[in-house]
Amino acid sequence: MRTIPLQEAVEMIPSGASIMVGGFMGIGTPELIVDELVRQGKGDLTIIANDTASPGVGIGKLVRAGLVRRFIVSHIGLNPETQKMMMDGTIIVDLVPQGTLAERIRAGGCGLGGVLTPTGVGTLAEVGKSKIEVDGKTFLLETALRADFALLHAFISDYVGNLSYALTARNFNPLMAMAATTVIVHADNIVPVGVIAPDHVMTPGPLVDYVVAKG
Amino acid sequence: MRTIPLQEAVEMIPSGASIMVGGFMGIGTPELIVDELVRQGKGDLTIIANDTASPGVGIGKLVRAGLVRRFIVSHIGLNPETQKMMMDGTIIVDLVPQGTLAERIRAGGCGLGGVLTPTGVGTLAEVGKSKIEVDGKTFLLETALRADFALLHAFISDYVGNLSYALTARNFNPLMAMAATTVIVHADNIVPVGVIAPDHVMTPGPLVDYVVAKG
Amino acid sequence: MDPQTIIAKRIAEELKDGMLVNLGIGIPTQVANFVPAGMRVYFQSENGLIGTGPVPEAGMAAPFLTDAGGRPVTALPGASTFDSAMSFGLIRGGHVDVTVLGGLEVDQCGRLANWMIPGKMIPGMGGAMDLVTGAKRVIVAMQHTAKNRPKIVRECSLPLTSERSIDLLVTELAVIAFPDRRATLVELSPGVSLAQVLAGTQAELVIPDYLQAASCNA
Amino acid sequence: MDPQTIIAKRIAEELKDGMLVNLGIGIPTQVANFVPAGMRVYFQSENGLIGTGPVPEAGMAAPFLTDAGGRPVTALPGASTFDSAMSFGLIRGGHVDVTVLGGLEVDQCGRLANWMIPGKMIPGMGGAMDLVTGAKRVIVAMQHTAKNRPKIVRECSLPLTSERSIDLLVTELAVIAFPDRRATLVELSPGVSLAQVLAGTQAELVIPDYLQAASCNA
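Chains as they are written, first to last, in my numbering: chain A, 467 to 681; chain B, 467 to 681; chain C, 143 to 360; chain D, 143 to 360.
Since the hints were derived computationally from the structure, they do not count as laboratory data.
Certain hints may be false.
[As the list claims (entries may be wrong)] Within a straight-line C-alpha distance of at most 25 angstroms, the following computed PhoX-like cross-link-like pairs (lysine-lysine) qualify:
1. Lys-550(A) x Lys-527(A)
2. Lys-527(B) x Lys-262(D)
3. Lys-527(B) x Lys-508(B)
4. Lys-597(B) x Lys-278(D)
5. Lys-550(B) x Lys-262(D)
Take these sequences, add in the hints, and give me the full structure.
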């Protein structure tokens with residue numbers, strides 16, 4: 467891990483990149499990094515995230531700025547702007563059941579090719595998927611997801627990149643920390659090495675490439 | 467969750483049961499529960515665990531007492547007694563790569579039918595498994611594992627069964643807490659509800675059926 | 143009582159001490175208000191929390207402690223937090239005793255549709271497909287009709303949430319169960335007649351004798 | 143220097159600042175002793191620890207902080223702990239930069255056998271199959287021969303650990319790499335002749351010119 471100025475961090479991300487963004491309805495989303503993405507106008511993005519938050523919040527800022535080509539998310543119900551652009555055909559939205567999305571990202575980070583889930587069998591979610599029977603029960607084969615970048619928010623980072631998240635701001639962050647080529651983190655607090663107890667580290671430092679330097 | 471005297475907890479386990487036992491070389495194994503299993507002489511067991519520890523230690527006690535019919539483990543190299551009984555044909559040992567074992571137990575606990583892993587392709591570990599290609603890469607389909615009982619060791623439990631493990635004694639314990647019909651825990655410390663911070667709970671209380679009452 | 147309160151109160155009666163319960167947004171959220179004092183029910187928020195407590199007092203919210211709709215909540219003593227893979231491991235793995243969800247349609251074999259209206263509204267399934275697939279017991283909270291159009295139908299016109307048959311459907315008029323995947327009326331709400339329920343229901347309902355009789359007396 | 147020390151010291155030269163490294167039991171464990179002071183290398187123990195430190199001072203061990211062999215260790219500042227699914231997520235997912243393992247045999251396309259001798263010794267694969275499959279770089283630490291029998295062979299007689307070709311094989315006599323899955327001699331240990339290496343090797347080795355020459359001069 468090394469610390470990096472915000473602007474420099476976002477300059478590494480090319481237009482057209484695939485990006486995982488932590489957060490659930492904006493909670494646990496690295497708002498500062500998102501703002502800088504908008505400021506630098508990186509476009510044509512593929513965003514993998516739980517949802518698109520609400521209009522003008524978190525990932526909703528990317529929607530409003532027209533920077534996204536495609537979403538892979540579980541829910542857009544609380545952002546009418548995303549819904550409108552999806553129905554317009556301005557953006558592509560792949561809707562994935564939330565538990566399946568979590569497992570696909572986890573699989574991508576853990577070197578698994580995919581998982582078998584019962585979720586979605588007999589629904590639109592099964593379209594285009596292989597069905598596999600195990601012990602007489604039918605499962606969908608859901609394949610691993612990875613991205614070029616993961617943009618994460620942590621409550622505490624130390625200077626080797628060990629991360630700890632707070633309460634419900636954890637959500638997809640630790641999964642995405644494993645599933646992207648380059649992992650960039652904004653942390654509310656950066657602390658000296660050794661002060662986070664080993665048992666309280668939720669993302670081990672070697673997974674993190676960059677932590678955005680304090681203001 | 468309810469607390470239960472040790473003897474009563476083990477009386478619930480019938481001979482012939484399948485049991486997941488937490489621990490790695492005995493570290494994080496509920497030694498007290500194992501001792502009581504031996505005292506009550508519950509036999510013909512199927513044990514799912516990382517290893518069989520060393521002779522006379524942890525799961526090694528079950529080996530020596532001749533209570534095990536079948537093991538599903540990743541490693542028996544540090545227990546010559548298990549190796550000898552395996553070569554004798556006294557016990558059956560299914561050897562599973564350690565990461566695959568962890569994922570199979572996790573799948574069992576998370577309602578997944580299985581996972582696709584690259585581990586073991588082209589080795590003896592692939593015998594009898596389906597091979598599945600995803601994006602031109604070959605994976606083994608490894609199916610979920612569950613058991614009748616999980617016997618776990620925790621550092622701290624509260625009185626609703628929230629568990630916290632210490633350092634390397636965590637290992638398979640939180641995975642097994644999700645993958646068995648009945649979960650029985652021995653904790654070094656039992657504390658009032660509310661004193662383990664929500665972010666430090668590693669196994670949520672609703673997963674735990676019984677915590678062995680203090681002596 | 144307004145329809146939503148009738149529904150929420152009735153569903154609260156289904157909860158038992160020690161249960162792990164997931165409440166969807168809308169009517170289901172109100173169920174928490176009717177849990178009897180002294181009963182310990184663990185509410186899971188799928189964004190990563192067990193032990194969800196009520197809305198915080200003014201000035202005492204934390205921006206990183208919310209429910210699945212992003213609204214500030216509190217955490218009760220004994221709460222725990224976890225990531226989304228764990229949250230859905232709990233859900234898909236059958237560790238959630240009861241899930242209560244809203245519905246757009248339920249068909250007569252108990253299949254729920256609640257995540258999109260093609261061409262009109264596509265919120266996405268969020269956690270609904272996992273919840274209906276994985277929870278031990280699925281209860282749907284839904285008004286009996288929408289603008290006088292039945293929502294309990296022979297066959298869903300909307301995309302299904304799961305092949306699985308739900309366990310219980312609670313409306314302001316009635317309680318319907320689905321033994322052997324057949325919609326079966328089990329209760330009429332106080333003051334509601336069988337005729338009223340039948341008039342608002344398109345699905346074929348199995349009517350037990352005791353409700354036929356009740357209807358004659360009404 | 144004894145063979146094990148020669149091997150461990152040479153492998154330590156492969157480690158770079160910031161790397162996440164998994165060391166197997168036996169010779170690999172000794173590699174940690176030769177990391178240059180000031181270089182920060184993170185050692186992972188697959189039982190759930192990054193930041194494994196040296197053996198604790200007498201009287202200062204914790205029964206619940208051990209390496210994968212169950213021996214007490216310490217945790218360095220910046221250490222982290224996790225469960226076995228995470229530990230192997232790190233390994234299988236390509237997050238471990240280097241794994242160093244012992245070997246029973248390596249064949250000439252670089253495939254390792256190190257987990258059983260049928261009918262004789264069946265320790266099990268433990269984490270070895272995942273490590274060889276998933277680590278970014280696989281280094282095998284192995285004595286060149288066993289009782290004068292070559293361990294670097296045309297084809298493994300023992301069951302393979304993985305189809306994958308290892309990256310580097312370090313013995314007390316030589317360093318062998320496997321570009322395009324062909325065993326290629328890259329270094330002779332100080333004072334060792336090409337003839338010595340060839341005499342102890344059954345596999346066909348690609349010998350680069352600079353080592354042919356070195357051999358003529360020896």
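Cross-check of the supplied hints:
The hinted pair formed by Lys-550(A) and Lys-527(A) meets the criterion: a straight-line CA distance of about 15 angstroms does not exceed 25 angstroms. Simply put, Lys-527(B) and Lys-262(D) have alpha-carbon atoms about 23 angstroms apart, close enough for the 25 angstroms limit, and the pair holds. Only pairs whose Cα atoms come within 25 angstroms are accepted, and Lys-527(B) paired with Lys-508(B) is accepted, the gap being roughly 12 angstroms. About 23 angstroms separates the Cα atoms of Lys-597(B) and Lys-278(D), which keeps this hinted pair within 25 angstroms; it holds.
A distance of roughly 10 angstroms separates the Cα atoms of Lys-550(B) and Lys-262(D); the hinted pair therefore holds under the 25 angstroms criterion.
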